[in-house]
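Assemble the dimeric complex from its two separately framed chains, guided by the hints.
Next come the chains, spelled out residue by residue.
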Amino acid sequence: MTRFHITVPTRAPERVELPEFVTDLRPPDRGTGHRLVGRAAELAGLDGALVPFDPGGLESLVVAAGLLRDSRRIEVIAEFHPGIATPVYAAKLSASSQRYAGGRLGWRLVVDLDPAVARAQGDFLTGAARYARAAEFLTVARGVWDGSGFGFDGEYFQVLDGGLPASRAPRPFPRVYLSGTSDEALELSANHADVHVLDPGDDPALVPDGVAAAVRLPVRAGPDEQVAAEIRTHLDRGVTEFFLEPAAPLDDAYRIGQRVLPLLEQEVRHG
Amino acid sequence: MVDIYWRIAMEGDAPALRLGDITRGGFGPFLPGSLGPGLRAGASDGYGPLDYMAEVARSTEQAGFVGGLMPSFPQTDDPWAAAAALAHDTSTYRFMIAFQPGFLHPVQAARMSATLQAATGGRVVYNIISGGGGPQQLWWGDRVDHDDRYARTSEFLDVLKGVWHGPYDHEGRFYRVEGGALPPELRGQPFPEIYFSGSSPAAIAAAGRHADYYLSWLEPFDALSEKFDLVRRHSDTPPKFAVRVDVLARETEEQAWEEIERGWERLGETERTPEASESVGWRRGREFTAGTGDSYRDLEVQPNVWGGFNRLRPGPLFGLVGDYHQVAARLDELITLGVDAFILAGVPHLEEAQRVGRNVLPLLKGKPS
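Just so you know, the sequences run in chain order A and B.
So that you can map any letter, position 232 of the first sequence is 232 in the UniProt record's numbering, and since no number is skipped, the others follow by simple counting.
So that you can map any letter, position 62 of the second sequence is 62 in the UniProt record's numbering, and since no number is skipped, the others follow by simple counting.
So that you can see chain B by itself, here it is in the shape it has in the complex (with noise of 0.2 Å):
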């Protein structure tokens, strides 16, 4: 089986991906149009970012998808704060938190997530992220070294699930606990998926002892595909793969490319400038793309991956990019090189979600046989 996620906007959604402006939810100004809240009689409507993420948390897992990928950074609201906030909006949407480990201590980590396993019925995965490092990194509170945040996850890791089966007792570098448990009713809970990101060596390493999945951005498919050879051999067992896909869609590929090329006549004005960062995935996505030309098709780098989607949109670089049979045949192709799940994505959260549902989920084929 393979699990088909599609991602939840943390940081707000835009109206369309060629059109930028953040005014669904989000921290943004009112800008005319916006909504989540909006303006009424030029007073805020009541409502909040969560009322429209509840619509595409309903539409997600109405069109096909398991669940989403809630990610977390700065600029977003907080994956756990949503997910206890959406659990009862939806019935059957996995929760795919992001999170750090460091951030929260690993015995109030196993609370919290025993505590929405009650509340959804066991609807919780991780996606354990250990930071790209640099200045977010002190942004957020943390002085621990990159390769040593990998050495800290593996603790955390560890002593979470000595909690989540206790009593547990723990002496460690980063944490230490006597006794630690979870109450009766929350034992048994089912312990959550991890999916675990992260494209160093030190991540690398840490994926071969915890991860369920080994979450990756889309890169080139060969690129990809050596990435996944390499988590192989550092594995006693090696986790199942899955793949963050952005992925624009239309009835021709035409269609497609005019949404691309719409965007980037806006980039003048708009265009973002992508941070710097420690992330190894974010430096492999430039060298992929350096010394292309100027011209957005000159980002294809092969049929129908698109290395410009972070020109566009917060975020990785890959994509996909044409008509729903080549999208399709191209997640055939990542289903084919090993991927066992993805997390697809698309702006507006909400209606792409239906338009990927629709046209391109039911073309699949799966490994061929």
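For reference, chain A alone in the conformation it holds in the complex (with noise of 0.2 Å):
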């Protein structure tokens, strides 16, 4: 089955003046940008909404619950990195999501952040420690995931007696989407991906067997019969799922689920 998941923004439109003698019964803006990408995403048939992390934007993981609670059927993905909360804090927030959206909540771990970005968010690992610190997130969080009296010794987390309670609520772990084409990074793919997100110009013949390929697809202008043919080429190698980087993204939303999509009915069994 072929995924298509929209990038949402995470920084709002500035607001527009409107002229004094114009009746302005505007709410506050509570987030309307990212809503209604999401909704459109919901709507207009995708399969997923990317919240990205934006050191210079909204939260990922705030935004994605309010989203989840938006919809029905679309996956969210949030993009974040380890340095945020101990894995097994992430854990439990996102089982709570879980519980809260069906099992709709996907995690897009960026490893290999900007150092001086890094610096600002806490962060001041280098190198291939990156890796092997995200390596034991993924570790620790799916330990406390599946079971009780979970156990954990290692160089950058511990836990002990750990295990999330059992819940009548669906609670799957989160699909886990990373991207990079070191040696680290594809290690790291083969080991804990779902799913591994390449830029448009990567060989989809590095992804680790049994980890689905994705690739980042920016929406350009233009006939939409030459998006549907670019989207064709990568499913020609072997690409399943798109993260569809948009240049306006409630527009594109829209025009991708109404008419990109459907001029591809032949080579996308669309779930």
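Since the hints were made in silico from the structure, they are not lab data.
Source: prediction; values computed, not measured.
Ideal placement from N, C-alpha and C gives every residue a C-beta, glycine not left out.
Treat the hints with caution; some may be incorrect.
What the hints assert, rightly or not - Here are some of the chain A residues that sit facing chain B, going by a computed Cβ distance under 7 Å:
no. : residue
1   : G31
2   : V62
3   : A65
4   : I84
5   : L93
6   : Q121
7   : F157
8   : Q158
9   : V159
10  : D161
Stated by the list, open to error - Okay, the calculated beta carbon distance ranges per label pair:
no. : chain 1 : residue 1 : chain 2 : residue 2 : range
11  : B       : G134      : A       : F124      : 30 to 36 Å
12  : A       : R11       : B       : R262      : 51 to 57 Å
13  : A       : D209      : B       : G33       : 44 to 50 Å
14  : A       : R259      : B       : D340      : 54 to 60 Å
15  : A       : E155      : B       : L364      : 51 to 57 Å
16  : B       : L364      : A       : F124      : 50 to 56 Å
17  : B       : P184      : A       : R72       : 31 to 37 Å
18  : B       : E258      : A       : E155      : 56 to 62 Å
19  : B       : L31       : A       : E225      : 52 to 58 Å
20  : A       : E225      : B       : H165      : 47 to 53 Å
In structure tokens form, the structure reads like this:
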């Protein structure tokens, strides 16, 4: 099954000033920008919405929890880095989002942050150690997720007798999206990813066995058939998921859902 | 002004205090009458714990409360996830998010909080807890010792505030940041009010530096008053005071005690074993009820102040039991001894919010002038 995710905006558009003589009943903006795009993905039949890690914008786990509440079907993928919280806490917070939304949360981990950005987030780890920490992070999160009495004594994280409470509401582990083409990145994906996200020029053959291949796809202006053709090229190379990076998120979400995907009905058995 | 909050159950809710079984949301298996999720024709109905919590939040905000305390324990859901999801289900409800510094990085806490402030129009309040310790703390993966955790809490709040008003550089014992700041569109969001919990000397020292409100469980009134004095002595600028109070209020006092009695009668089969804890607040509570008799009524340590709530549901010992006028009068006494804010609670949280809002809150008189 081929899946299409749209990137939602994490910065609010500048507020428009109306002329004084025009009656202005606008309520305060509480996130209209990303909420409209999230619901566009839902209504127009896309499969997911990505909330990117944006140090200059809104925080992704909070935005994702709101988008999940706004929707019934789409997966909402929050991108964050492993320095934000202990893996136990990240798991606990995410387990609640899963219970609240029928298991539709995804995790996209960004591991190789720009060093200056990382330091501003309070994270001073550099180089290959970042991948070692990410591996521990995912091991611990999964460990406490699935079992009781989970123990872990690693270089970055420790747990004793851990394990989240059982839940009668469905609570699957978040689908894990990773990326990068270095040896460390590919090894991390081989061990922990459900999906490996490539840049447009990367070779899908790099993606480890058993991991789905995804590609970042900037959505360009131009005929719908041209966008469909670009998607076809990737499909032929074995890509099964698309992270659409729209120039105009709202317009592009509806455009892809209503006009581009119907052109691909032959190739895409779309869920 | 007195701010009155109503707790929201993050562990699921029972249909009555006397019944115990958590069948609304929560984590237990499907039982007859379970909801959030429930069963329809043998299959899950597709609703979840949050759908019930949204009813509690809406009921609470309409009943006259300013918001809800969202507790956080291993056996609960997470308050950040709940607050972010409930932001648009409510309009004035303040989300008092309980969290332990140390589980989140302070920069991340700043980003999440400011994002939530933007989503809610400034309705985030913090309940900072530093952890009861013992096995629970290792469950969370936290190996910092009891007294050190308050040092970490202090540094955490320094960094959080620094980043909030950043750019901010910091090199401390627990945290390091270089150029930490909120993005331009989140700058200027109001910094959340801090309700600070903890009964140990280390907690009280830290509270003196950071608390807007010092939050205590209900205790016998004299003990509570002494505790407030102690906090005042340790503070350059004394904080305000808040108390977390369970309320079982009925039309008549007999009806209220009958609820307790019926809950007490079923303890044989279902009694909870209160967990051991390093929490000083917990040990204080045990001392106040030590040596009392076997009857539930022996736990009434002063009129309407009953120390057996922990036997009927997880959580603190003390709460108020009585008719509407008695409960209102006790709350007035607490206001008189210096309480500026309440976190009230009752089971089930949904209907009891309506009952207390309709029958108890209007009777409050406040401080005698």
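Now for the hints, and whether the structure bears them out:
For G31(A), the shortest C-beta to C-beta distance to chain B is roughly 5 Å, which falls under 7 Å, so the interface hint holds. The criterion of a C-beta within 7 Å of any C-beta in chain B is met by V62(A), whose closest approach is roughly 4 Å, and the hint holds. Because the beta carbon of A65(A) sits about 3 Å from the nearest beta carbon in chain B, less than 7 Å, this interface hint is met. Given hint, I84(A) at the interface with chain B, holds; its Cβ is 4 Å from that chain's nearest Cβ, closer than 7 Å.
The criterion of a C-beta within 7 Å of any C-beta in chain B is met by L93(A), whose closest approach is roughly 4 Å, and the hint holds. Given hint, Q121(A) at the interface with chain B, holds; its Cβ is 5 Å from that chain's nearest Cβ, closer than 7 Å. Taking 7 Å as the C-beta cut-off, the interface hint given for F157(A) holds, the closest approach to chain B being about 6 Å. The interface hint given for Q158(A) is met, as the beta carbon of that residue sits about 6 Å from the closest beta carbon of chain B, less than 7 Å.
With its C-beta approaching chain B no nearer than about 4 Å, V159(A) sits inside the 7 Å limit, and its interface hint holds. Residue-level restraint check for D161(A) holds (minimum Cβ-Cβ distance to chain B is 6 Å; threshold 7 Å). Take G134(B) and F124(A): their Cβ atoms lie about 31 Å apart, and the range 30 to 36 Å holds. In this structure, R11(A) and R262(B) meet the distance hint of 51 to 57 Å, their C-beta atoms being roughly 56 Å apart.
Distance hint check: the CB atoms of D209(A) and G33(B) are about 48 Å apart, consistent with the given range 44 to 50 Å. Checked against the given bound of 54 to 60 Å, the beta carbons of R259(A) and D340(B), roughly 59 Å apart, stay inside it. At about 55 Å, the beta-carbon gap between E155(A) and L364(B) stays in the expected band of 51 to 57 Å. Checked against the hint of 50 to 56 Å, the pair L364(B) and F124(A) passes, with Cβ atoms roughly 52 Å apart.
A hinted range of 31 to 37 Å for the beta carbons of P184(B) and R72(A) is consistent with their spacing of about 34 Å. Checked against the hint of 56 to 62 Å, the pair E258(B) and E155(A) passes, with Cβ atoms roughly 58 Å apart. Taken as a hint, the range 52 to 58 Å holds for the pair L31(B) and E225(A), whose Cβ atoms sit roughly 56 Å apart. Distance hint for E225(A) and H165(B): a CB-CB separation of about 52 Å, consistent with the stated range 47 to 53 Å.
Violation of the numbered hints given earlier is absent; every hint is satisfied by the structure.
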